[in-house]
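Engineer: Chain by chain, the residues run as shown.
2 protein chains.
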Amino acid sequence: MENQKLGSQTYQPGQAPVIIGHGCVGGRKEQEGPLGRHLDHSSKDDLFGAKTWEQAESRMQQLALDAALKRAQLHTDNLDFLLAGDLLNQCIGSGYAARAISAPFLGLYGACSTMGESIAVGTMLLSSGAGRYAAAVTSSHFCSAERQYRTPLEYGCQRTPTAQWTATAAGAVILTSDNVWGVRIPRITIGKVVDYGIKDTANMGSAMAPAAYSTIKAHFEDTGLAPDYYDLIITGDLGKLGSEILADFFATDGCPLSNYSDCGLLLFDMNQQDVHAGASGCGCSASVLCTHLLPGLLNGQWKRVLFCPTGALHSPTSAMQGESVPGICHAIALEGVQ
Amino acid sequence: MENQKLGSQTYQPGQAPVIIGHGCVGGRKEQEGPLGRHLDHSSKDDLFGAKTWEQAESRMQQLALDAALKRAQLHTDNLDFLLAGDLLNQCIGSGYAARAISAPFLGLYGACSTMGESIAVGTMLLSSGAGRYAAAVTSSHFCSAERQYRTPLEYGCQRTPTAQWTATAAGAVILTSDNVWGVRIPRITIGKVVDYGIKDTANMGSAMAPAAYSTIKAHFEDTGLAPDYYDLIITGDLGKLGSEILADFFATDGCPLSNYSDCGLLLFDMNQQDVHAGASGCGCSASVLCTHLLPGLLNGQWKRVLFCPTGALHSPTSAMQGESVPGICHAIALEGVQ
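As given, the protein sequences belong to chains A and R, one line each in that order. Heads up, the first sequence stops at 338 in the numbering used here, and the numbers go up one at a time, no gaps. Heads up, the second sequence stops at 338 in the numbering used here, and the numbers go up one at a time, no gaps.
Please keep in mind that the hints were generated in silico from the structure rather than gathered at the bench. Do not rely on the hints blindly, as some may be mistaken.
[Unchecked claim] Here are the computed distance ranges between Cβ atoms for each label pair: (1) Asp274/A to Arg28/R: 48 to 54 Å; (2) Glu2/R to Asp253/A: 40 to 46 Å; (3) Asn259/R to Glu154/A: 53 to 59 Å.
Cβ coordinates follow ideal geometry from the N, Cα and C atoms, glycine included.
Kindly generate the complete structure, drawing on both the sequences and the hints.
Structural biologist: In structure tokens:
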């Protein structure tokens, strides 16, 4: 079968790339959460042996990649592409992690959608014949994100009920163009930037829900598939409010999603861990992918999952200049061993 | 011919994608420079009708893309991919520009190498069969970059002799997978992150030169081509010092580059415009590409050009934490109408 474009936003490789390794690293709060026991590494002080939170993020990316490579029985030298991005200014979490990795590097910025973007780009690059192995890596860190986006931790700012908790986590997956055993990526849908005018930067779920709606709808229009084709449709980090808004959108269309969840609701214990509207950050969807979705696809819990990481493309500067928050979402179909 | 990977970092599409449109926008200083008359739009106050420098960057990207689409006789609706990035925190120059453009969006971060990264990714995506048209867009703005990376303009800080002047410019090119008339992209080389330990953030040329050396050397090793295969080898924004260092590296190898230049030396009049070591910023290589290289390839001035944008993957935070400056460079072969 030939590689082909379906509709306006979807790509279907002739031979689906396969995820042959995954790795995940999380902080103390993530380790204490419901998925914590599946982490490859954790750190009690969230510093992972580094001196700063930013350097800790780079270290987390390296640890996650090492774990993924180990599962894939590969070394960094085998990688044709390292695709990585994060939330830090100038993506330094990824740039400094990549410094220690001898692989062709492509930096990506999709905010919290980065795990989706990197897997989507990796899928297209590998099926073009440009390489055999690609790594998709991302991270976020609560402490570096708080001081960059909001206020320094020392300030002790009270959080609003709609606020989400940035995950201290990094995830990595290894893709191959080989026809081998593993979770396949039979199709992807690249999102458009969508902005419904939300200006409250403590309400990211509402800002990103319209982008998730746009991309998931495009996925079904482009492919002709119905939502129940998938055992699970899961967004990145819409959290409690955003995921309710997304469900409302589809219900209003007369097409309620019966098989829908959100990574932001799964990473932490929503009753016990005081994270308000849920988890967020690039590391949220990346870690739920690596600790929950991929293991579940490999052990037969699900056969088909539509993984839809979401991102908010604003900055503190744009917010201070009165801009609203544009969102984006990419959809990745994941199919387990049948 | 099949798409194939050459050596460890180079990709050769079976059918080379073609650049069928380009557009360029610059500020007042760029308009007064030696390439100024080739700009599609300029702005006397560098605001392009916007209220802030950051919003001006988004406006510049839109104007550059409009000009490129016009030359290609296309509309934004025709785009299968919009590939864009910039220097601003969270790449807001690109994210907010993309909000007004109905096209699947992939945000990239390669600092000043972004024009190279976006064309390289576009080349691979189109030759995978994932689409027919892709736009590669980037920008930088002197005023937004100064206050973000260095000091606010109002502070009037004196610049060191090694400092470069961030271009206020945006460039856009339209790629197609169709076999049509235009500048072809027969091969690309994806760079690795290289860090020789330079910590002086007012000396970006020195920090990026080792990455340019690594990528250009890999290009010749992977392809078996000699430097004189190209009529011109041109780096992104190494400036006066960095380009001398790169020339030294190759001369020391016994392989002097007789056909070498740098975009950072061409955008401004180095004697008259008081830019110290030359131009820099994502907009530097993008605007030299669109106002000088592509027109020269189309009119037969050159037949083959190796375009090598360079980027420094640091941030003000990483510099304050004592980190050195990692560099990256991607090489894009451009071949004109024979």
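Engineer: Would you mind marking each hint as holding or not holding in the structure?
Structural biologist: Each hint tested on the structure:
{"no.": "1", "hint": "Asp274/A to Arg28/R: 48 to 54 Å", "in the structure": "52 Å, holds"}
{"no.": "2", "hint": "Glu2/R to Asp253/A: 40 to 46 Å", "in the structure": "43 Å, holds"}
{"no.": "3", "hint": "Asn259/R to Glu154/A: 53 to 59 Å", "in the structure": "56 Å, holds"}
Comparing the model with each numbered hint stated earlier shows that all of them hold.
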